[in-house]
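**Q** What follows is each chain in one-letter form.
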Amino acid sequence: MNSLERANYMISSMAKALKDAENVFMGVASYLPFAAIVLAKKRYNPDLKWFTILGYNPMPKHLPLSTVHPWISKYCEAKIQLGEIFDMSARGEIDCVFLAGAQIDEKGNINNSHLIINGRRIQLPGGAGGALLHATAKRPILWQGKHDSRIFVKKVQRITAAGKPYKVVTPLCVFKFDERREKLVVESIHPWVSLEELQKNTGFEVNDAPKTEKPREEEIAIIDEIDPHGIRKIELE
Amino acid sequence: MNSLERANYMISSMAKALKDAENVFMGVASYLPFAAIVLAKKRYNPDLKWFTILGYNPMPKHLPLSTVHPWISKYCEAKIQLGEIFDMSARGEIDCVFLAGAQIDEKGNINNSHLIINGRRIQLPGGAGGALLHATAKRPILWQGKHDSRIFVKKVQRITAAGKPYKVVTPLCVFKFDERREKLVVESIHPWVSLEELQKNTGFEVNDAPKTEKPREEEIAIIDEIDPHGIRKIELE
Amino acid sequence: MLTTLKQAVKMIDDGSLLCFSGNLLYRIPAAFARELVRQKKRDLTVMKTAGGYDIDLLCAFDCVKEVRAGFVSFEGFGLAKNFRRAVEEGRVKFAEHTCYTVIASLRAAAYGIPFIPIANISKSYFVEERGFKWVDDPYNNGKVLTVPAIKPDFAIIHAQKADEDGNALIYGPWFEDVLMCRAAKNIIITAEMIVPKEELKREIDAVWIPSYKVRAVIEIPKGAYPGCCPPYYDVDFDAIKEYLSLDKNGLAKHVEEVRP
Amino acid sequence: MLTTLKQAVKMIDDGSLLCFSGNLLYRIPAAFARELVRQKKRDLTVMKTAGGYDIDLLCAFDCVKEVRAGFVSFEGFGLAKNFRRAVEEGRVKFAEHTCYTVIASLRAAAYGIPFIPIANISKSYFVEERGFKWVDDPYNNGKVLTVPAIKPDFAIIHAQKADEDGNALIYGPWFEDVLMCRAAKNIIITAEMIVPKEELKREIDAVWIPSYKVRAVIEIPKGAYPGCCPPYYDVDFDAIKEYLSLDKNGLAKHVEEVRP
Chain A
1 MNSLERANYM
11 ISSMAKALKD
21 AENVFMGVAS
31 YLPFAAIVLA
41 KKRYNPDLKW
51 FTILGYNPMP
61 KHLPLSTVHP
71 WISKYCEAKI
81 QLGEIFDMSA
91 RGEIDCVFLA
101 GAQIDEKGNI
111 NNSHLIINGR
121 RIQLPGGAGG
131 ALLHATAKRP
141 ILWQGKHDSR
151 IFVKKVQRIT
161 AAGKPYKVVT
171 PLCVFKFDER
181 REKLVVESIH
191 PWVSLEELQK
201 NTGFEVNDAP
211 KTEKPREEEI
221 AIIDEIDPHG
231 IRKIELE
Chain B
1 MNSLERANYM
11 ISSMAKALKD
21 AENVFMGVAS
31 YLPFAAIVLA
41 KKRYNPDLKW
51 FTILGYNPMP
61 KHLPLSTVHP
71 WISKYCEAKI
81 QLGEIFDMSA
91 RGEIDCVFLA
101 GAQIDEKGNI
111 NNSHLIINGR
121 RIQLPGGAGG
131 ALLHATAKRP
141 ILWQGKHDSR
151 IFVKKVQRIT
161 AAGKPYKVVT
171 PLCVFKFDER
181 REKLVVESIH
191 PWVSLEELQK
201 NTGFEVNDAP
211 KTEKPREEEI
221 AIIDEIDPHG
231 IRKIELE
Chain C
1 MLTTLKQAVK
11 MIDDGSLLCF
21 SGNLLYRIPA
31 AFARELVRQK
41 KRDLTVMKTA
51 GGYDIDLLCA
61 FDCVKEVRAG
71 FVSFEGFGLA
81 KNFRRAVEEG
91 RVKFAEHTCY
101 TVIASLRAAA
111 YGIPFIPIAN
121 ISKSYFVEER
131 GFKWVDDPYN
141 NGKVLTVPAI
151 KPDFAIIHAQ
161 KADEDGNALI
171 YGPWFEDVLM
181 CRAAKNIIIT
191 AEMIVPKEEL
201 KREIDAVWIP
211 SYKVRAVIEI
221 PKGAYPGCCP
231 PYYDVDFDAI
241 KEYLSLDKNG
251 LAKHVEEVRP
Chain D
1 MLTTLKQAVK
11 MIDDGSLLCF
21 SGNLLYRIPA
31 AFARELVRQK
41 KRDLTVMKTA
51 GGYDIDLLCA
61 FDCVKEVRAG
71 FVSFEGFGLA
81 KNFRRAVEEG
91 RVKFAEHTCY
101 TVIASLRAAA
111 YGIPFIPIAN
121 ISKSYFVEER
131 GFKWVDDPYN
141 NGKVLTVPAI
151 KPDFAIIHAQ
161 KADEDGNALI
171 YGPWFEDVLM
181 CRAAKNIIIT
191 AEMIVPKEEL
201 KREIDAVWIP
211 SYKVRAVIEI
221 PKGAYPGCCP
231 PYYDVDFDAI
241 KEYLSLDKNG
251 LAKHVEEVRP
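Protein chains in written order, with our numbering: chain A, 1 to 237; chain B, 1 to 237; chain C, 1 to 260; chain D, 1 to 260.
Heads up, some of the hints might be wrong.
Unchecked claim - DSS-like mimics (lysine-lysine), calculated; alpha carbons at most 30 Å apart, straight line: (1) Lys138(A) x Lys213(C); (2) Lys74(A) x Lys241(D); (3) Lys222(C) x Lys154(B); (4) Lys93(C) x Lys19(A); (5) Lys146(A) x Lys253(D); (6) Lys107(B) x Lys123(C); (7) Lys155(A) x Lys133(D); (8) Lys185(C) x Lys164(A); (9) Lys151(D) x Lys151(C); (10) Lys197(D) x Lys143(C); (11) Lys74(A) x Lys65(D); (12) Lys107(A) x Lys74(A); (13) Lys185(D) x Lys41(B); (14) Lys222(C) x Lys213(D); (15) Lys222(C) x Lys138(A); (16) Lys151(D) x Lys143(C); (17) Lys93(C) x Lys40(C); (18) Lys176(B) x Lys42(B); (19) Lys253(D) x Lys65(D); (20) Lys233(B) x Lys213(C); (21) Lys213(C) x Lys176(B); (22) Lys154(A) x Lys233(A); (23) Lys138(A) x Lys213(D); (24) Lys151(C) x Lys213(C); (25) Lys61(B) x Lys222(C); (26) Lys81(D) x Lys151(C); (27) Lys41(B) x Lys197(D); (28) Lys213(D) x Lys61(B); (29) Lys42(B) x Lys241(D).
Derived from the structure by calculation, the hints contain no laboratory data.
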């Protein structure tokens, strides 16, 4: 399974998570969410309202090299400021938001701040708007293009953003949040991954789960149309 | 002295009060301030920055029938929201502001809310932005097109807006605020007014003062140019 | 989303808290206000920095139980006599604000926070009447005055242009319109013209109301009449003067005859 | 007010608190940042929701003592390695915020209030590190988290157009630019083009920066390069890749050779 195919599984899983969302926000460096939102609008949820930091409801032709690429704003239906999107979330008007985590732990906490390795601080880029969005959006969807036991940990070293993720989508599986046990549980495992392999690459205990549904041909066609050059691979490589 | 000539004295006095102002704000129903600001910009203070609720630095051709008349915004140099002008004042960035008072008292308080006459409430239009602006602008300038002892009172029945006025301009005189005694004192009396007449029409003790300087021919020419139809009389009649 | 004025006004429940666009006689949702009267809405609360024809008309027909505003008047044309009389007779409560506290309350609602500090206006009588409270500044040990969030049920906006979903464009001053859209639960747009999406996008830099909370969009040419909606029409000064001269019967005729 | 880049940068004292326009590689005041480096400014504090080339460059040359931001990166192109190294080596303090608290702090400064309540982000580690404090909600008896006002000395804005006084127009997203202008003591505008006043007025609906606190206006075509300034030019992706490969000598050459 090459990285493009793995990306497609992730995108399809993320798109399905938007089925009954009204408003979704996507921030910077969000290639897979970008494709997932386009796919969701085309296939699962035509009325989905899409908020970006460049404006409201873009209809871009292609996945850009940057998710703050000027051409996104050109295709928007209205202006809205970044701060106003945070306000929306604070008011409870954001259903889904896509948040990336350099470290993600069993409780759904995210670390995008820094790591301490052998007493040495490794600086990460920071959590952007994640702290507010994870805490206030109704259904935060986390994603991470890589899945290993340094990324998926029992407990993050710093909590940049805390909240209850609706889903966590990775190249190995999809987690959901178990409200009762207040932790991530595996919802589906991608077909190329064994439970053993998943456990080896995850810093907390994982459960067995059904195989992730294969993206349909027509989904892949939509993804290829929005990203003909395979920019989406960036996140997995 | 007809009402147009009396208005000219008031406008000229208000314009002179703007000599060393950097930023001035003028609200709704402000015909005399409108003319005074234009006069100040043309004669006393070409760098004066003029804030209106329709935008920044208008260059209107004529005094409009409404100070929220659309053509003001057409001639503005930049947009700014009303709330942002209040913020400017809260930050200490507004030097002068023109505030009208249905009642004005010796302490410089304004009542634009309501009067209680024989136990009956007489509703006034409200103080608009006055409460914030009077309290926070550096040099509030009050004006009133009529001057009698029901308007200029010892103590207002309701304080709509409190602050220390820099000047109070009326058809009879110009007051200034005496910081030490914390009350209005007469700075100049218009030439057609006797001290006795001023006292009779003022609900608190007034002092004698020099005659108000006559508006120069060139000032009157500027005022006539901006208000050829004499709209400014409205406020005095 | 495109609907009729009649259907849109039906969405408004008696007792709702409404915010109206514009200021005094500028870009007011006048046609919407007339239909509120025709449908005999009751117990509305209307909040605005500076109202004119819109608030006065609703007061004339006892649609309103409370007005929260800084100023209600027809500026140089006279007093808002129907508002004034309704307040003086106790039929309407005038919860006086200063324009600034209307804005601050909308900001708090827009930000999803329960209150917001304001500059010190403590000597104004309505600070106590409105129940504005002080808090300790946790950073500098002083006391700071605050206002609570006020969240409108509906923001009623008359805009120059909108698309069929309700993305809306305002030319010229916004007043509090964009802010009240952020703060409100629901938005109704009346627009001088509904234009195709592609046309609105070409003017994106003036399109600041996204459609997502817009529950109704109605094309109403001259929807601000007798107020102005630049660049299309100015205030009809004669019509304002005539309105201010109307008695009860005249007002009843006014709301029936001035369409929409 | 019209001046040269050199003169404008001379206004910035060492130790100042600066806010930069744009976001990541979008409409950043890149030419201004290079001149800050050439003039060897020191001990600057830079505040921004999401920085890229601008903050990274200043960190590479030790102009900065503190970065207050939610995110510093080159997005898909890689990490902000000079920022990263400076923080890891302790030469720069990264006072981590979330983008939201940068905005909230600017809002409080813009409103002239000492602090502002925020939505509850209390589990994030930096809430304690930044010293954000709780207050009692005086209306509903709960506790509310707050951030203090942060008032920038200068907002440095790269805009598409300005007039000679500094009234400035932004096409497309504002990010925090208009807000930082309201909050800041002083504004410097670099613009793709200086246009006559009459021309700017014809596009009034995009002119949201009034000139009154603008201390300098400079015409700098391609002033956001290697970032983008739509509709005039896109990000120069090759130049960004090259920048990210530069060593110390290469960076020194970069700031000298890329003019302005």
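**Q** Look at each hint and say if it fits the structure.
**A** Hints, verified against the model:
1. Lys138(A) x Lys213(C): 17 Å, holds
2. Lys74(A) x Lys241(D): Holds, at roughly 25 Å.
3. Lys222(C) x Lys154(B): Violated, at roughly 48 Å.
4. Lys93(C) x Lys19(A): 46 Å, violated
5. Lys146(A) x Lys253(D): 36 Å, violated
6. Lys107(B) x Lys123(C): 12 Å, holds
7. Lys155(A) x Lys133(D): Between Lys155(A) and Lys133(D) the Cα gap is close to 26 Å, so the pair holds against 30 Å.
8. Lys185(C) x Lys164(A): 25 Å, holds
9. Lys151(D) x Lys151(C): The given pair, whose Cα atoms are some 29 Å apart, holds under the 30 Å limit.
10. Lys197(D) x Lys143(C): Distance ~44 Å between Lys197(D) and Lys143(C) Cα, so the pair is violated.
11. Lys74(A) x Lys65(D): Violated - the C-alpha atoms of Lys65(D) and Lys74(A) are around 37 Å apart, more than 30 Å.
12. Lys107(A) x Lys74(A): 39 Å, violated
13. Lys185(D) x Lys41(B): 24 Å, holds
14. Lys222(C) x Lys213(D): 38 Å, violated
15. Lys222(C) x Lys138(A): With Cα atoms ~41 Å apart, Lys222(C) and Lys138(A) exceed 30 Å; violated.
16. Lys151(D) x Lys143(C): Roughly 20 Å between the alpha carbons, so the hint for Lys151(D) and Lys143(C) holds.
17. Lys93(C) x Lys40(C): OK: Lys93(C) and Lys40(C) at ~19 Å, within 30 Å.
18. Lys176(B) x Lys42(B): Holds, at about 24 Å.
19. Lys253(D) x Lys65(D): 23 Å, holds
20. Lys233(B) x Lys213(C): Not OK: Lys233(B) and Lys213(C) at ~46 Å, beyond 30 Å, violated.
21. Lys213(C) x Lys176(B): Violated, at about 51 Å.
22. Lys154(A) x Lys233(A): Holds. Lys154(A) to Lys233(A) sits at ~27 Å (cutoff 30 Å).
23. Lys138(A) x Lys213(D): 41 Å, violated
24. Lys151(C) x Lys213(C): OK: Lys151(C) and Lys213(C) at ~14 Å, within 30 Å.
25. Lys61(B) x Lys222(C): 26 Å, holds
26. Lys81(D) x Lys151(C): 45 Å, violated
27. Lys41(B) x Lys197(D): It holds: about 18 Å lies between the C-alpha atoms, which stays within 30 Å.
28. Lys213(D) x Lys61(B): Since the Cα atoms of Lys213(D) and Lys61(B) sit roughly 26 Å apart, the hinted pair holds (cutoff 30 Å).
29. Lys42(B) x Lys241(D): Violated. Lys42(B) to Lys241(D) sits at ~54 Å, over the 30 Å cutoff.
Going down the numbered hints, you'll see the structure goes against 3, 4, 5, 10, 11, 12, 14, 15, 20, 21, 23, 26 and 29, while the others check out.
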